[in-house]
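> Sequence:
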Amino acid sequence: MNICVASLCKVKQLEKAEVVIVDGIRIGVQPDVVTYNTLITAYCRFVGIDAGYSILYRMKEAGIYPDTITYNSLIAGATRYSMLSRCFDLFEEMLEMSILPDIWSYNTLMHCFFKLRKPDEAYRVFQDILLKDISVHPATFNILINGLCMNGYTENALMLFRSIKRHGFIPQLATYNILIHGLCKSGRGKTAREFLNELVESGHIPNAITYTTVMKCCFRCRQFEEGVKIFAEMRRRGYTYDAFAYCTVASMLLKTGKMNEANEYLGYIITNGFDLDIVSFNTIVNLYCKEGQLDNAYKLLHEAEKKGLESDKYTHTIFIDGLCRTGNFKEAQQHLDYMSMMGFDSNLVALNSFINGLCKAGHLDHALRMFESMDVKDSITYSTMVHSLCNAKRFRAASKLLLSCIRGGMRILKSDKRGVIDGLRGSGYSQEARKVQSKIRLAKILHD
DNA sequence: AATCCTCGAC
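By numbering that gives the first Met the number 0, the letter at position 3 of the first sequence is numbered 2, and the numbering carries on one by one without gaps.
Hints listed in this document are in silico derivations from the structure and should not be mistaken for laboratory results.
This structure is a prediction, so every number in the text was calculated from the model and none was measured.
Careful: at least some of the hints might be erroneous.
[To be verified] Each pair of labels, with its calculated beta carbon distance range:
1. H166 to R433: 15 to 23 Å
2. Y267 to D132: 34 to 42 Å
3. S201 to K392: 53 to 61 Å
4. A396 to R440: 18 to 26 Å
5. S6 to G272: 28 to 36 Å
6. F87 to G272: 41 to 49 Å
Here a beta-carbon is modelled for each residue, glycine too, at the ideal position from N, C-alpha and C.
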């Protein structure tokens, strides 16, 4: 029965799994702790954390005691939905019931901290693991390296990798993939390549994830031919069994304005009959939005929703960008409101898109109001605003923003700096131009 | 446990 339930749960057939359990009970086979643990994992994953809890009550009612794996499944569920306090509660509950947390309980908790951008706390969990003398699993290092990279501590991740290797740890393929991904993301393509060589030299065979990661790295560094070559090799080796690699190529084509080619790749995705996830849908929706076909974009969104997929912050950002490009600010605002209501972790990119759309349509003051209301801004926010103000010959306002951008330690394009200085000088504010220039120099010295 | 998706300008 357990094997049957497990395989049904794996493919999301929860109702059928329940039928199997009922049938089992009818012929006298009672579900045990393994059955319930399998169910909890699946319900947390496919339905929600509360559905997982309700299975916990069901098992308690049936007189089955939860074990470490029961709690690990629930902790993993809480991590999936970024519910840190739930993770803690479950940990406490475990200890109260004298169920000992194992390395996986700690791994998951660490993962949760990293996910919520609390690397210090995550590292404390790791130290706790060492202190408690629990034997470490290779996944512990993978989670650590990944978490450090994703939180901007690539250098520390590298040091950790080297140090554990010196201590005899043999990196897995996944460890290399994680490190290569982190290095690419922080713009260190060269070091990433060195690790790709090391991966092969140490006897690992690169998998689809390695290829996709390296391909994206090529695109990032504008080595388009090299990237497309990797894609061709993936096809040759049969590594294009899902839509992931196609999405990487299609997005690059979209970003570089090659609409027809992007269309071609997305056509493959559709005709190949891949089981599309929300990311693939977002990629296609983005193409429609960029082409101004908002109707088709919405049609696709509904299709995704019919499949039970939930739109994420990327989906709404793509729509906001597309709507602003067609001048439909009202509907774009509705998406923005929805994003805040849903409490997505950040809508910075969406706001940048909105501001850009307003500027392009000539609504500079509306854009400025939105700019002022933002509590988090990045270099793109400043770039967009400074550039647009210069275009409108509002150089003094542009210089004010440029200075606060520099004060915030953010980089801005050389051409934008030039635009402000030349503009100020050309409209008779040479003293202010000099002031801006010296501030830029000062910032450069401080930065280096 | 890890890969795929969003914004400015050049």
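> Each hint needs a verdict: does it hold in this structure or not?
Going down the list of hints, with the structure as the test:
Between H166 and R433 the C-beta distance comes to about 56 Å, which lies outside the given range of 15 to 23 Å. Between Y267 and D132 the C-beta distance comes to about 52 Å, which lies outside the given range of 34 to 42 Å. Here the CB-CB span from S201 to K392 is close to 59 Å, well matched to the stated 53 to 61 Å. Evaluation of the 18 to 26 Å hint for A396 and R440 yields a pass: the beta carbon distance comes to about 22 Å.
Against the hinted window of 28 to 36 Å, the Cβ-Cβ separation of S6 and G272 comes to about 22 Å, which falls outside the hint. The supplied range of 41 to 49 Å is met by F87 and G272, whose beta-carbon atoms lie about 43 Å from each other.
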